[in-house]
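Mind docking chains B, C, D and E on chain A? Use the hints.
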Amino acid sequence: MSDTAVRKEEQLNIDSVSWGDLTWINIENPTVRETEYLAQNYPFHHLDLDDCLSRIQRPKIDEYKDYLFFVFHFPVFNKETRVTLPSQLAIFIGQGYLITLHKGELKPLVKLFKECQIEEEARQDNFSQGSGYLMYRIVDRLVDYCLPILNKLGENIEAVEDAIFTMESGDTVKEISILRRDVVSLRRIIWPMRAVLGSLEPKIRRFIKVDMAVYFGDIVDHVDKIWDALDEYKEIIEGLSETYDSLATNRTNEVMRRLTVIATILLPITVIASVYGMNIPLPFQNSSFSLLFLFLIMLLVVGGLLYFFRRKHMI
Amino acid sequence: MSDTAVRKEEQLNIDSVSWGDLTWINIENPTVRETEYLAQNYPFHHLDLDDCLSRIQRPKIDEYKDYLFFVFHFPVFNKETRVTLPSQLAIFIGQGYLITLHKGELKPLVKLFKECQIEEEARQDNFSQGSGYLMYRIVDRLVDYCLPILNKLGENIEAVEDAIFTMESGDTVKEISILRRDVVSLRRIIWPMRAVLGSLEPKIRRFIKVDMAVYFGDIVDHVDKIWDALDEYKEIIEGLSETYDSLATNRTNEVMRRLTVIATILLPITVIASVYGMNIPLPFQNSSFSLLFLFLIMLLVVGGLLYFFRRKHMI
Amino acid sequence: MSDTAVRKEEQLNIDSVSWGDLTWINIENPTVRETEYLAQNYPFHHLDLDDCLSRIQRPKIDEYKDYLFFVFHFPVFNKETRVTLPSQLAIFIGQGYLITLHKGELKPLVKLFKECQIEEEARQDNFSQGSGYLMYRIVDRLVDYCLPILNKLGENIEAVEDAIFTMESGDTVKEISILRRDVVSLRRIIWPMRAVLGSLEPKIRRFIKVDMAVYFGDIVDHVDKIWDALDEYKEIIEGLSETYDSLATNRTNEVMRRLTVIATILLPITVIASVYGMNIPLPFQNSSFSLLFLFLIMLLVVGGLLYFFRRKHMI
Amino acid sequence: MSDTAVRKEEQLNIDSVSWGDLTWINIENPTVRETEYLAQNYPFHHLDLDDCLSRIQRPKIDEYKDYLFFVFHFPVFNKETRVTLPSQLAIFIGQGYLITLHKGELKPLVKLFKECQIEEEARQDNFSQGSGYLMYRIVDRLVDYCLPILNKLGENIEAVEDAIFTMESGDTVKEISILRRDVVSLRRIIWPMRAVLGSLEPKIRRFIKVDMAVYFGDIVDHVDKIWDALDEYKEIIEGLSETYDSLATNRTNEVMRRLTVIATILLPITVIASVYGMNIPLPFQNSSFSLLFLFLIMLLVVGGLLYFFRRKHMI
Amino acid sequence: MSDTAVRKEEQLNIDSVSWGDLTWINIENPTVRETEYLAQNYPFHHLDLDDCLSRIQRPKIDEYKDYLFFVFHFPVFNKETRVTLPSQLAIFIGQGYLITLHKGELKPLVKLFKECQIEEEARQDNFSQGSGYLMYRIVDRLVDYCLPILNKLGENIEAVEDAIFTMESGDTVKEISILRRDVVSLRRIIWPMRAVLGSLEPKIRRFIKVDMAVYFGDIVDHVDKIWDALDEYKEIIEGLSETYDSLATNRTNEVMRRLTVIATILLPITVIASVYGMNIPLPFQNSSFSLLFLFLIMLLVVGGLLYFFRRKHMI
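In order, the protein sequences belong to chains A, B, C, D and E.
The numbering of the first sequence is my numbering, which starts it at 1 and goes up by one.
The numbering of the second sequence is my numbering, which starts it at 1 and goes up by one.
The numbering of the third sequence is my numbering, which starts it at 1 and goes up by one.
The numbering of the fourth sequence is my numbering, which starts it at 1 and goes up by one.
The numbering of the fifth sequence is my numbering, which starts it at 1 and goes up by one.
Next up, chain A with everything else stripped away, as it sits in the complex:
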């Protein structure tokens, strides 16, 4: 029974949903024109508006008298390039409004906004407790969205772990390298996120109608869990890399030893045969047992060499 409004600014990428006294403005792919619109209608610092467009940002909280400005980075997995990259979400939060600026890559956010556009129930759910609560709902969904990325990573690590010991494919090195890079990227995204989310609750309190400390604590717990898992993955990948190298060195040894065994057996035979192939008078040359006799000598030499190497633990 409260006022609901779903509007779209003309010629600007600005959608908005209102319910009661709260308006959520969602800006996808913000450009200078959108930030100028915000500059005219809201008391935002121009440095913050610049930050919404800039690509070189860090997650942060900027506090002002009238509003808070947040920059978040959430991981987005690009299936084509197989790379996890940070996708920026900028949030302005004030009494009665919440403005989100992003590139449209954060699916849970896009979906939530659509739900609020369409369903009265979703609006009531998310808008009734003030702008801070709405923000909690957004951030909670986005943090939970990291878990499938993490699980996929865990599965890939296990697949590589199996591949290492079967030594089946030559791509294992590349797989380990991709995993390592992925964990580095994810850690770089999650690490500053932890700091921002950890200090978020006391600052956002003034924009929430109920006590949300437990809920924000829950988000922090989830991010900490993600961080722990990434830490563990990092150590496991280091271990896998070292294991792979040890196994490769082992295999080199095996191949070398095999080659040496072949050379040890065949070269002496060749030598003896070559000697008897010389065009000079040779002992027993015309005896009919000479072949048998030479075979015996070959056997003796090869056997002796093998015995000598085995005694020296070289084979």
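It is possible that part of the hints are untrue.
Taking lysine-lysine and the DSBU-like style, the derived pairs with C-alpha atoms no more than 35 angstroms apart in a straight line are [as the list claims (entries may be wrong)]:
#1 E:Lys234 - E:Lys203
#2 E:Lys60 - E:Lys8
#3 B:Lys60 - D:Lys60
#4 E:Lys107 - B:Lys234
#5 D:Lys234 - E:Lys107
#6 A:Lys79 - A:Lys209
#7 A:Lys234 - E:Lys225
#8 C:Lys203 - C:Lys152
#9 A:Lys234 - C:Lys203
#10 B:Lys65 - B:Lys79
#11 B:Lys65 - A:Lys209
#12 E:Lys60 - C:Lys79
#13 E:Lys60 - E:Lys103
#14 B:Lys107 - B:Lys8
#15 D:Lys174 - E:Lys8
If you want the footprint, here are the derived chain B segments under chain A, 3+ residues with CB under 8 angstroms [as the list claims (entries may be wrong)]:
#16 57-63
#17 88-100
#18 134-145
#19 244-253
#20 257-267
None of these hints come from the bench; they were simulated from the model.
Treat the numbers as computed from the prediction; the structure is a model and nothing was measured.
Glycine residues also receive a C-beta, built at the ideal position from the N, C-alpha and C atoms.
For chains B, C, D and E alone, kept in the frame of chain A given last:
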């Protein structure tokens, strides 16, 4: 002579033991139905009840006015997969009750509960000092239960250490890899446990009838000792891995050198023999001392090469 | 309409621009003569003046009653030697003056000074808010100037990453080594800069007419972002180096295996041929099928060896 | 001229020396019987008495109203197994008594106790300033006892360092591994000792008659010095391990290159000789200069190959 | 115009210079006799006097009511053994006296003392501001004396860096090892020095007539700069070591590949020639084109093998 009651909720996985004014409710493999039961009968926050079912948790303490909520992770060694995994134990503690939720994998907890179900003496021992004391008894047993896992790990490390220098089996790399993974897993379980156990005593004080600071300090000492041992194991395994690689490189060198010695001795002989096997007029071809003479030349060449390499410290 | 003065001290490398009550003195390649001039005209500590000439400095802030003394190091990429080196910028800031001493390598600074010499508008922009604001403008430009260096580094890392997996050129090791060295150098320059810039704003406040906390916070954010990127680069380069080594070991194995296959196929044939090249009576020597027969034996031996090795998973 | 008493409890491993109002009770290899005796005669917490028997302890200080309880670990080098292990020393200290419990492996402690049993002078020296001073004497001796172990380690490191560059023995890897393990063990013993000794003086003050701050500071200095040395040893051993691996890789290269040189020289000769060993019409076959001519060709081919490889910097 | 006295204690290694009310006593190679002399004439704690003779010391400051006791370690490079070792300097400072005890290896200190013995001007310079100022002069010179050692190290690192890529000498591994050890040693000397010098100024203030905070800050800056440089050197050396290993592995691959190419070309020729060297009836044996025909076959086989390997990217 105090009131004792051993009950079982109908159609729910809920067992309970009461003695005096304290009730221990033990829930194995909790599902939504059990947590709904708790939600109806106790003033628990729904996020905490969600945490009991969730698999992605971190050890933590949540403080509320009426009760405390703990999540612990204890290591459980799976003999079949040879992997140590964290098993979650959720505890609600309040005045007059202690509720434990877990998967039934923590043997010392299951055993203690059974003892309390059966023996009056065990109940008196564990229930007489309030719910906090009962919790101390549970946690103490579970921490002590980590020691055999640790000792087994220590024995495995020593076994690998012996195997490295005898170089007997080709599975050493795999063994080191498994040990490394095991230590990583255990460290990930013990690390957050330390933080929770370290801050447990002041919070739980209100549920204990006697001063237990020394006892909880003792538990923290034990966990710190486990952590120290894991730290040491980690360093030792790193060292073993490096030692293994050095030894493997050494062995490659040995095999290479052997191959080179064989080639150095046999190839010149083959060359000379091949030369005298050519179908052209050769000097001394028909002399009866030609074989002796050629053997002499072979000896000289091989001897010279060996002398040259040894002087250059190459053999 | 305020007083502007662009002067140049005779026989000294001292240029100055004045606007209103603020003078910016710019000294390129300072020598003892310039510092003596400063010593006579300003109340500077002689240790600070020594620091302007010394090459072994660290970024720092020295606070005095009348003035502040800053030493900054900014990275300058030398295109010829392909090395990033720190270039020192010393700044004296007081009421009504700002003195910069440097080697003329910091292009953004040189350019800004020229702009202020030439354009009234630039002077008004930079000089109107006090010496502290002018300094903010200088430092902001110099920090932003680090970004192209960083981006170039990122591109080089990606180029090396591609080169590793194609294994095309033998210079990859050198490229990785240069990248590693570059990241080490840049980190050494950025690390102390962070500390100085982080504590700059409260100290410089007395020389600025407006509240600049947000602006200096913005600079610190940028430096932190640079630091984060360098941290990530460092980890990626370590990973690339390890990946390169794993791939190289793999290639050694491949080459070894190939050599072994060749030896396994060809040596037995040679042996058999040598045996039948001996000048002794040999079985089937004069049969017209002897060649076919021997080829059959050769085929059998080679096939048997290959089958044996494949069964032992050695090829 | 004060009261001296040297007693031995019947059937218990309890020796004691008294002088003035201070008694030192020394218990070697404590069992349950000895701790029960202590429990009956002293107000000790039963957890502390348990700790005296337990093997899984950490160095620590437990403070009580009437007494202090210390657990120390000192390194003891086992000459047979060549391993340094921690040996536990538990100390109860109160007004008028000092009780030491250990396994008899700590020679300086055993020796000091014997001296006090026998010599009046030693008793006067150690007992006259209160129980805290006696403890200082014990701990000081035990810390100094670490220095020979450390020096022996330093000598072993230098021996390995020399052995690496002469590459004389194949046991260098094992030696490095043993050194690494030794340093890990010692660090694990010294690290917690530092914390306990650092916080010892203020707690023990009430049991000493004179100000001992400087003396205890001296002990802490010694332990810090030991820690520094171990840190340095750790880094040196890591460096030695890496150096060893680099040298081993170098040697592999050397051996490979030698093998290649041999193959490069001898194989072409064999090929040419084999060709002229074929039983077919060959050019110049019957010329008397054919051998000379073939030798010339062999020389040319070998020379050409060597020249080619050297130009490509491959030899 | 003030009282100057240059004395030498009989039969003791004690030299002294007085100017005004300040005496500098310099003791080279102190023995028990010198420390006994100090014990009789000054109120020094016997532990401090022991420390002057002991070799196992750490840099530290001991504060007493009447005097301060310092232990410093400065690096001294031994040209013969090419090792940097710490040389101890013990300083007692009180009202009216400064006592330095050392081994005579610290050249700047020895030189400064000689200057003060000989020149009135030097005495006036150093003695006029109290004992604390004299100590500042000594420490400042000794810290500056570290810079040439550091620069030499930097040059050596650059030399090794060049040598790595030219791969000219086999001693590069040894050079890297020596550099690594040198950096470890220097870091161990500089690290504790930083802590002592950082906390020196407030303690020594009472022995200086003017405010020296800026001057001591300058010393701390220099030591921090040295520490930074050592940190950078450490990282660079690690990088060089890894680069060297990568290059060595590369070279192994190169040598292996070359050997394989040689074997691939020459072995098939040998095989064919051996087959035609068999003493059996061979096809085309008596044809006058048989040699040409066989050469053609050899060419085909070798060409085919080379083509096959190149297609599989194995050469």
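For each hint, the structure was consulted:
Taking the CA atoms of Lys234 (chain E) and Lys203 (chain E), the gap is near 33 angstroms; set against the 35 angstroms cutoff, the hint holds. Between Lys60 (chain E) and Lys8 (chain E) the alpha-carbon distance is near 29 angstroms, which keeps this suggested pair within the 35 angstroms criterion. About 26 angstroms separates the Cα atoms of Lys60 (chain B) and Lys60 (chain D), which keeps this hinted pair within 35 angstroms; it holds. Our distance criterion of 35 angstroms between C-alpha atoms is broken by Lys107 (chain E) and Lys234 (chain B), whose separation comes to about 46 angstroms.
As the CA atoms of Lys234 (chain D) and Lys107 (chain E) are separated by approximately 31 angstroms, the hinted pair is consistent with the 35 angstroms bound. Only pairs whose Cα atoms come within 35 angstroms are accepted, and Lys79 (chain A) paired with Lys209 (chain A) is rejected, the gap being roughly 40 angstroms. At most 35 angstroms may separate the alpha-carbon atoms for a hinted pair to count; Lys234 (chain A) and Lys225 (chain E) meet this at roughly 33 angstroms. Between Lys203 (chain C) and Lys152 (chain C) the alpha-carbon distance is near 34 angstroms, which keeps this suggested pair within the 35 angstroms criterion.
Note on Lys234 (chain A) and Lys203 (chain C): the hinted pairing is violated, with a Cα-Cα distance of about 41 angstroms set against a maximum of 35 angstroms. Proximity of Lys65 (chain B) to Lys79 (chain B) is assessed by CA-CA distance (about 42 angstroms); at most 35 angstroms being required, the pair is judged violated. Only pairs whose Cα atoms come within 35 angstroms are accepted, and Lys65 (chain B) paired with Lys209 (chain A) is accepted, the gap being roughly 21 angstroms. The suggested pairing of Lys60 (chain E) with Lys79 (chain C) is violated, with an alpha-carbon distance near 46 angstroms, which exceeds 35 angstroms.
At most 35 angstroms may separate the alpha-carbon atoms for a hinted pair to count; Lys60 (chain E) and Lys103 (chain E) meet this at roughly 18 angstroms. A C-alpha spacing of about 20 angstroms is found between Lys107 (chain B) and Lys8 (chain B), which places the hinted pair at or below 35 angstroms, so the restraint holds. Distance restraint check for Lys174 (chain D) and Lys8 (chain E): the Cα-Cα separation of roughly 56 angstroms exceeds the 35 angstroms cut-off, and the hinted pair is therefore not satisfied. Proximity of the region 57-63 of chain B to chain A, defined as three or more residues with a beta carbon under 8 angstroms from a beta carbon of that chain, is established by the 4 residues found.
Taking a C-beta to C-beta cut-off of 8 angstroms, the region 88-100 of chain B contributes 0 residues in contact with chain A, too few for the three needed, and the coverage statement is violated. A stretch counts as covered by a chain when three or more of its residues have a beta carbon under 8 angstroms from one of that chain; for the region 134-145 of chain B and chain A the count is 0, and the coverage is violated. Coverage of the region 244-253 of chain B by chain A holds. Counting CB-CB distances below 8 angstroms, 6 residues qualify, and the rule asks for three or more. Counting residues of the region 257-267 of chain B whose C-beta sits closer than 8 angstroms to any C-beta of chain A gives 6, which meets the bar of three, so the coverage hint holds.
Of the hints listed earlier, those the structure fails to meet are numbers 4, 6, 9, 10, 12, 15, 17, 18, in rising order.
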